[in-house]
Amino acid sequence: MIAIEKLSHAYGKRTTLVDVDASIDAGEKIVLLGSNGCGKTTLLKILTGLLEPGGGHVLYDGHQVSPAALRDKTVRRRFRREVGLLFQNPEAMLFNPTVRDEIAFGPRQHDLPDADDRARHWAAQVGVEDLLDHAPYTLSAGQKQLVCLAALLALSPRLLLLDEPTAALDPRSTGWLVDFLQDLPQTLVVATHNLSLATELGERCLVLGEDHTLLHDGDVASLREDTEVLYRANLVHTHRHRHGDQEHRHYHTHDWS
Amino acid sequence: MKDRLLLLVYLVLVVTATLVHDARLLLAGALTVTATEFGRRPQSWVRALRAALPFLVAINLGFLIVSKGDLSAAGRVLPLVNARLFFLVVLVFRILPAIDLQRALGFSPTLRFVLILATSQVLAFRRLFGDFEQALAARTTRRPGLRTSLRQGAALGAFFLRRAEHDATEITQALTARGFFLDRD
Amino acid sequence: MHIPDGFLGPQTYGPAYGVAGVLWAVGLRRLRRTLDPAAVPRLAVATAASFALMLVTVPLPGGTTVHVTGIGMIAVLFGVWHGFLALSLVYLLQALMFGDGGVTALPVMALTAGLGGTAAAVAVHRACGRWPRPAVFLAGWCGTVVPAVLVAFVLGAQPLLAHDAEGTPLFFPFGWAVTVPAVVLPHLLVGVADGVLAVLAWRALAPGEDAP
Ligand SMILES: Nc1ncnc2c1ncn2[C@@H]1O[C@H](COP(=O)(O)OP(=O)(O)O)[C@@H](O)[C@H]1O
Ligand SMILES: [Mg+2]
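Chains as they are written, first to last, in the numbering used here: chain W, 8 to 264; chain H, 5 to 189; chain V, 242 to 453.
Since the hints were derived computationally from the structure, they do not count as laboratory data.
Don't be surprised by glycine CBs; every beta carbon is placed ideally from N, CA and C.
Among the hints, a few may not be true.
Listed below are several chain H residues computed to face chain V (Cβ distance under 8 Å; list not exhaustive) [claimed, not checked]:
1. A55
2. R88
3. L89
4. L105
5. L121
6. A122
7. S153
8. A158
9. F164
10. L165
11. A168
12. I175
13. L179
Residues of chain W clear of chain H, computed beta-carbon distances all greater than 12 Å [claimed, not checked]:
14. I31
15. G44
16. D137
Throw the hints in and build the complete structure from the sequences for me.
And the structure:
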């Protein structure tokens, strides 16, 4: 479905991605792991055709993805219908007077006849049906995120890219989201720096290192055993532990959030 | 519709208040507006007084000083100015909270779109500003001096300007991704 | 520098709404027609930034603090059109959402601060383009002082424009002899704060910095 070939990118002199190669098949649920600043957001934006790749390219069903390629109206229409991106800061995505309009925006934009039904359906699915007539900017961060998710799902996209979707959620909502995402038929790419989330969510895991290269592409279980990669990617850390009068040091994660 | 109507009522009352030049009528107006707060404590009175007080004090004291204590001139000018200001502030507190601005000004889709994005950003920036202030209060024990204030002000200014640039890009990308510009060439 | 309702007569706010209304309509039209997808987002963030800058305070000698205006910074970064529309939106939101400043004063503030202030700031910034630091300082200073002068002029004209048969003022009761010193003098100082703030903020914004 997606082929990423020798992809590089930089903001001016700041390197963000170096020679990334990967491919994503339809139906896969992939976790994109990496510490802060290693280029996850940049990669997702390139996959969505919002940023021009610096080198290499991205193919979606064999078609080039880039702002230039998406200038063609028919290509753009189809691509925007089929690929959705949940921004790290959902505030940027909200611009409609009510939650109802917000969720129905995509379907209306694509001239789907059942926009309002879709809005109601997806609001209920993510649990914001009570907020349908509220203004999105009055909601809490977590609610905004759910509204954005519903807005994306209302288009029944094929590919859903989520940028740190659990950052604003409490543990219970995070658990709910993991189950919810597992049950979606969509192809998923979820960016996070939370290793334990990866364990729960993904079958397959891509790890971006602090050198902006792809350090790992494979299943989560083998990643958990590869301490060296985890340490290089800044996904685990060491510090002193005291148990009674014994003191020792080992790699581990803290499963915050 | 309700919001547009309320806004219209508000604007008509404001204009009327600037066309009526009788202090007693204006005060009666203020009382009437307050009296419509059925069953609740007359909050708009108190809040209006508090909000208008600095202006009222400045105008009245200023006038007495400028007219060198000429009480007859003050008697002719000040009641009207005070009553009008007070009536208008009562209107603000009584009517405006009930109006949803986005709905009231939604007659132009472009204006509504601009307003929603602007309101959402303004609220976000206000929240951030509050965080900065609290962080500062938590870290300082004395009132900061001029130099420190300027430095903090500049840091805040730079933060908000940079944040604005960043958010503009981010919002544009989000609009693009959500198909806002589907039909644009 | 917010003018509350009740200080300006219809002789003032009527024409001001006329002029500002035309400019707002032109601005909205330009926004609707523009091919730049970032135009509306930029306007929204310029509004928010302007709103936030107005919350910044600086202590004056004597123990009081004043709010800077930030108009010069907004003008230089976003230009006159966006500055004008952004400041109009700030005054609109302040008047109708936060109950701060009046709706009759709205067009006057939009024209004096939003248009006068930003245009002056952009003009001096261009004129002094060869000396970046003084240019930014002067932009900050003018963005505050020019609106103050214009507001003092408009306020001071009220007794002349609106009075009853005996000449008793009906709205703001002071003439220019009072408004010019009372409004302009403090803003000469606030302007300095605005100018210094703009220079310091610019230094912090220097290229090579990270996005937030
Ligand atoms: N618009 C931008 N301009 C310049 N640098 C940016 C921009 N956005 C991100 N960066 C920088 O690019 C690097 C990668 O950022 P990002 O892709 O957001 O990382 P992540 O999402 O993994 O935290 C970071 O160092 C960040 O500071
Ligand atoms: Mg990120």
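Subject >> Numbered hints the structure breaks, given as an ascending list >> reply: none
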